[in-house]
Amino acid sequence: MLNLRINYTYIEHHRYMKLKNSIKEKRQKRKLTQQELADLVGVSRQTIISIERYRYKPSLELGLRMAHVLELDINKLFYLDLEKNTTIKTIEKSKPITESKKFQDFKEKDWKNLWVDLKNKL
Amino acid sequence: MTSINISKKEIYIIIDIVFSILLIIIFLPFFYNNSISHLTNSEVISKVIQVIIFSIVFFSTTYALLEIKFKRKIIKDERDYLISSKTYKLSYLIYNICLFWIIGHYLDGNSFKNNGLEFDDSIIFILLIVITGVSIVKSSYQLYVYRTS
Chain Z
1 MLNLRINYTY
11 IEHHRYMKLK
21 NSIKEKRQKR
31 KLTQQELADL
41 VGVSRQTIIS
51 IERYRYKPSL
61 ELGLRMAHVL
71 ELDINKLFYL
81 DLEKNTTIKT
91 IEKSKPITES
101 KKFQDFKEKD
111 WKNLWVDLKN
121 KL
Chain C
1 MTSINISKKE
11 IYIIIDIVFS
21 ILLIIIFLPF
31 FYNNSISHLT
41 NSEVISKVIQ
51 VIIFSIVFFS
61 TTYALLEIKF
71 KRKIIKDERD
81 YLISSKTYKL
91 SYLIYNICLF
101 WIIGHYLDGN
111 SFKNNGLEFD
121 DSIIFILLIV
131 ITGVSIVKSS
141 YQLYVYRTS
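Each protein sequence line maps, in turn, to chains Z and C. Going by our numbering, the first sequence opens with residue 1, and the numbers climb by one from there. Going by our numbering, the second sequence opens with residue 1, and the numbers climb by one from there.
Careful: at least some of the hints might be erroneous.
[Claimed, not checked] Just a few of them, taken from the derived set where beta-carbon distance is under 8 Å, the chain C residues facing chain Z:
#	residue
1	S7
2	D16
3	K73
4	D77
5	V145
6	S149
[As the list claims (entries may be wrong)] Taking lysine-lysine and the DSSO-like style, the derived pairs with C-alpha atoms no more than 30 Å apart in a straight line are:
#	chain 1	residue 1	chain 2	residue 2
7	C	K76	Z	K26
8	C	K73	Z	K57
9	Z	K24	C	K73
10	Z	K18	Z	K29
11	Z	K109	Z	K119
12	Z	K57	Z	K24
13	C	K8	Z	K24
14	Z	K18	C	K86
15	C	K76	Z	K57
16	C	K89	C	K76
17	C	K76	Z	K29
18	C	K89	Z	K18
19	C	K8	Z	K20
20	Z	K29	C	K8
21	C	K89	Z	K20
22	Z	K24	C	K76
23	Z	K24	C	K9
24	C	K9	Z	K18
25	Z	K26	C	K47
[To be verified] Calculated from the model, a selection of chain C residues having no Cβ within reach of chain Z, i.e. all distances over 12 Å:
#	residue
26	V44
27	Y63
28	A64
29	L66
30	I83
31	I97
32	W101
33	G104
34	D108
35	S122
36	I123
37	F125
38	L128
39	I129
40	V130
It is worth saying that the hints were derived from the structure and are not from the lab. Note that the Cβ used here is the ideal one computed from N, Cα and C, for glycine as well.
Extracted from the complex, chain Z is given alone in its bound form (with noise of 0.2 Å):
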């Protein structure tokens, strides 16, 4: 049997990865503070604070309400962090090959491998 060498080369993302936001760099561009932005948006300052310390995870809701308030996409507010939790892994793996050849087709290859082959058999 013919023997075929693959290369799978993926990107393993990891379970976990963080969600991040730009929220103070941005509130600070438009001069605003935590309690006028809290405000807007309809939470306590508290609120403010934990989402800009990552402590706390805003709803959709909430998140695309500060978006609106701050004037931006939501995509350039809130992020994952993927840089540090991916990596790229190479794997070699033998798949068999399982289609027949013709007999016109055979190379010196191929028939030291079927030598092999049914030599291993007898």
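Given the coordinates of chain Z, assemble chain C onto it according to the supplied hints.
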């Protein structure tokens, strides 16, 4: 010296803890010293009225003082609901464990083995201790979660 930045919500929780502690210190010894079966109805009713008056006076004064000091209204948001659900879950668990412990204690007792299920007077005191204790644990955990999450 650095000052502790504390919010109005956290002060409300501290008030709840203080109230539970005061309730244990002031009123629970009465139920420990006097068994319910030996008390007259009027004695029990007067004690209950004392507890109600104490709670009204305590909460009205503390809440009034708090409203004078912090004029900003409390906004309840999704984080508050999350924290309260977490704390109620814990208190429910502790309450259940305590109830099962009490039931087990009475089922295992001699009174049940000899005369059937007979609760003695201490059950009232134990239940009051459990209720106030669970309230303290719940509020303390709530305060902890508010400070750390």
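Going down the list of hints, with the structure as the test:
Hint status for S7(C) relative to chain Z: holds, with the closest Cβ pair at about 6 Å, below 8 Å. Using the Cβ-Cβ criterion of 8 Å, the hint placing D16(C) at the interface with chain Z is not satisfied: the shortest such distance is roughly 18 Å. Given the 8 Å rule on beta carbons, the hint for K73(C) is violated: about 10 Å separates it from the nearest Cβ of chain Z. Annotation: interface hint on D77(C) holds; nearest CB of chain Z at approximately 4 Å, less than 8 Å.
Taken as an interface hint, V145(C) does not check out: its beta carbon lies about 10 Å from the nearest beta carbon of chain Z, beyond 8 Å. Because the beta carbon of S149(C) sits about 5 Å from the nearest beta carbon in chain Z, less than 8 Å, this interface hint is met. Note on K76(C) and K26(Z): the hinted pairing holds, with a Cα-Cα distance of about 24 Å set against a maximum of 30 Å. Note on K73(C) and K57(Z): the hinted pairing holds, with a Cα-Cα distance of about 24 Å set against a maximum of 30 Å.
Between the alpha carbons of K24(Z) and K73(C) the distance comes to roughly 24 Å, so the proposed pair stays at or under 30 Å and holds. The suggested pairing of K18(Z) with K29(Z) holds, with an alpha-carbon distance near 24 Å, which does not exceed 30 Å. Pair hint K109(Z) plus K119(Z) holds up; C-alpha atoms about 15 Å apart against a cutoff of 30 Å. Between K57(Z) and K24(Z) the alpha-carbon distance is near 14 Å, which keeps this suggested pair within the 30 Å criterion.
Note on K8(C) and K24(Z): the hinted pairing holds, with a Cα-Cα distance of about 23 Å set against a maximum of 30 Å. With a CA separation close to 22 Å, the supplied pair K18(Z) and K86(C) stays within the 30 Å bound. Annotation: proposed proximity of K76(C) to K57(Z) holds, straight-line Cα distance about 16 Å (limit 30 Å). Between the alpha carbons of K89(C) and K76(C) the distance comes to roughly 19 Å, so the proposed pair stays at or under 30 Å and holds.
Using a Cα cut-off of 30 Å, the hinted pair K76(C) and K29(Z) holds, with the two alpha carbons roughly 27 Å apart. Note on K89(C) and K18(Z): the hinted pairing holds, with a Cα-Cα distance of about 26 Å set against a maximum of 30 Å. Annotation: proposed proximity of K8(C) to K20(Z) holds, straight-line Cα distance about 28 Å (limit 30 Å). A distance of roughly 29 Å separates the Cα atoms of K29(Z) and K8(C); the hinted pair therefore holds under the 30 Å criterion.
Only pairs whose Cα atoms come within 30 Å are accepted, and K89(C) paired with K20(Z) is accepted, the gap being roughly 28 Å. About 22 Å separates the Cα atoms of K24(Z) and K76(C), which keeps this hinted pair within 30 Å; it holds. As the CA atoms of K24(Z) and K9(C) are separated by approximately 23 Å, the hinted pair is consistent with the 30 Å bound. Taken as a hint, the K9(C) and K18(Z) pair is honoured in the structure, with Cα atoms around 29 Å apart against an allowance of 30 Å.
A threshold of 30 Å between alpha carbons decides the hint, and for K26(Z) with K47(C) the separation of about 58 Å lies outside it, so the pair is violated. Every CB of chain Z is more than 12 Å from the CB of V44(C) (nearest about 43 Å), matching its label as outside the interface. With a closest Cβ-Cβ approach of about 18 Å to chain Z, Y63(C) is found to remain outside the 12 Å limit, as its non-interface label requires. Interface exclusion of A64(C) from chain Z stands, the closest Cβ pair being 22 Å apart, more than 12 Å.
Against the 12 Å criterion, L66(C) stays outside the reach of chain Z, whose nearest CB is about 16 Å from its own CB. The claim that I83(C) is not at the interface with chain Z is violated, since a C-beta of that chain comes within 12 Å of its own (minimum 9 Å). Every C-beta of chain Z lies more than 12 Å from that of I97(C), the closest at about 29 Å, which supports listing it as non-interface. With a least CB separation of 35 Å from chain Z, W101(C) remains clear of the 12 Å interface cut-off, as annotated.
The non-interface label for G104(C) is consistent with chain Z: the shortest C-beta to C-beta separation is roughly 39 Å, beyond 12 Å. D108(C), annotated as away from the interface, keeps every beta carbon of chain Z farther than 12 Å; the closest lies near 45 Å. In this structure S122(C) is separated from chain Z by more than 12 Å, as the shortest Cβ-Cβ distance comes to about 42 Å. Every beta carbon of chain Z lies more than 12 Å from that of I123(C), the smallest distance being close to 41 Å; the non-interface claim holds.
Residue placement check: F125(C) keeps its beta carbon more than 12 Å from all beta carbons of chain Z (closest about 38 Å). Separation of L128(C) from chain Z is adequate, the least Cβ-Cβ distance of about 33 Å exceeding the 12 Å criterion. Every beta carbon of chain Z lies more than 12 Å from that of I129(C), the smallest distance being close to 33 Å; the non-interface claim holds. Every C-beta of chain Z lies more than 12 Å from that of V130(C), the closest at about 31 Å, which supports listing it as non-interface.
Figure legend: structure checked against the earlier numbered hints; hints not met, in rising order: 2, 3, 5, 25 and 30.
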